[in-house]
Amino acid sequence: GAVVSQHPSRVICKSGTSVKIECRSLDFQATTMFWYRQFPKQSLMLMATSNEGSKATYEQGVEKDKFLINHASLTLSTLTVTSAHPEDSSFYICSASPGLAGWEQYFGPGTRLTVT
Amino acid sequence: DAKTTQPTSMDCAEGRAANLPCNHSTISGNEYVYWYRQIHSQGPQYIIHGLKNNETNEMASLIITEDRKSSTLILPHATLRDTAVYYCIASNNTNAGKSTFGDGTTLTVKP
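One line per chain: the protein sequences are X and U, in this order.
Taking the working numbering, I'd label the letters of the first sequence as residues 7 to 122.
Taking the working numbering, I'd label the letters of the second sequence as residues 590 to 700.
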């Protein structure tokens, strides 16, 4: 089956620093990847659509200058949380679709970010 | 995405079938029904999807009513590891991936 990985799985950083999260599709190419955020006891919220070779598309209310997305290749997208603050602490999840028999999404295992 | 409605929580005995309902009364003709689940502190996992016909794979079966206004996900022999939040999503290919996750159904499988 389609596999998506994320790195790191957990990260703790100090307020004001930047953190980069990688999302890789391991056995398929993904023109488009998606980044979600999930706060405790809440559902997933789509943050942005990452497009290979072009700018990401951000959902309303998501600051593009704070959450930098780069889709460098068909198998790699990165999310950088710049100048992180404690309120950015969350579970960040990416997804991608092989887009063959349908548009089902395969999700990474998530990255737990804690900003102190 | 069409709005979906699911019960907040359900319990199921281990070894029995778990039937999880989903209402999607405003679903449009080109929208598929997708099911995902999320085990605590993990990324969501794709389970199954369908358009009109019933579908079955190694994980589950999906039963879609003839009018497509509702569907049921069936886990034929639930195990403790099936305890998770189950999300039903209606989405078309144009919005592929921009899945709108509602609150889902928390399924608890009990021994």
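Since the hints were made in silico from the structure, they are not lab data.
Note that beta-carbon positions come from the ideal geometry of N, C-alpha and C, so glycine has one too.
It is possible that some hints are incorrect.
To be verified - With a Cα cut of at most 27 Å, we get these calculated DSSO-like pairs of lysine-lysine: (1) K592/U to K47/X; (2) K592/U to K641/U; (3) K61/X to K26/X; (4) K699/U to K47/X; (5) K70/X to K26/X; (6) K47/X to K70/X.
As the list claims (entries may be wrong) - Reference listing, derived: stretches of chain X covered by chain U, where coverage requires no fewer than 3 residues with Cβ under 8 Å from a Cβ of chain U: (7) 13-24; (8) 114-121.
Claimed, not checked - Computed beta-carbon distance windows for the label pairs: (9) Q66/X to S617/U: 31 to 39 Å; (10) P14/X to T654/U: 41 to 49 Å; (11) Q66/X to T697/U: 13 to 21 Å; (12) T697/U to V9/X: 26 to 34 Å; (13) L32/X to G604/U: 32 to 40 Å; (14) P46/X to L669/U: 45 to 53 Å; (15) S24/X to T615/U: 26 to 34 Å; (16) N646/U to K20/X: 39 to 47 Å; (17) I18/X to N646/U: 56 to 64 Å; (18) H629/U to I18/X: 14 to 22 Å; (19) T88/X to I663/U: 20 to 28 Å.
Hint by hint, which ones does the structure fall short of? Hints 7, 9, 11, 14, 15, 17 and 19 are the ones this structure does not satisfy, whereas the remaining hints hold.
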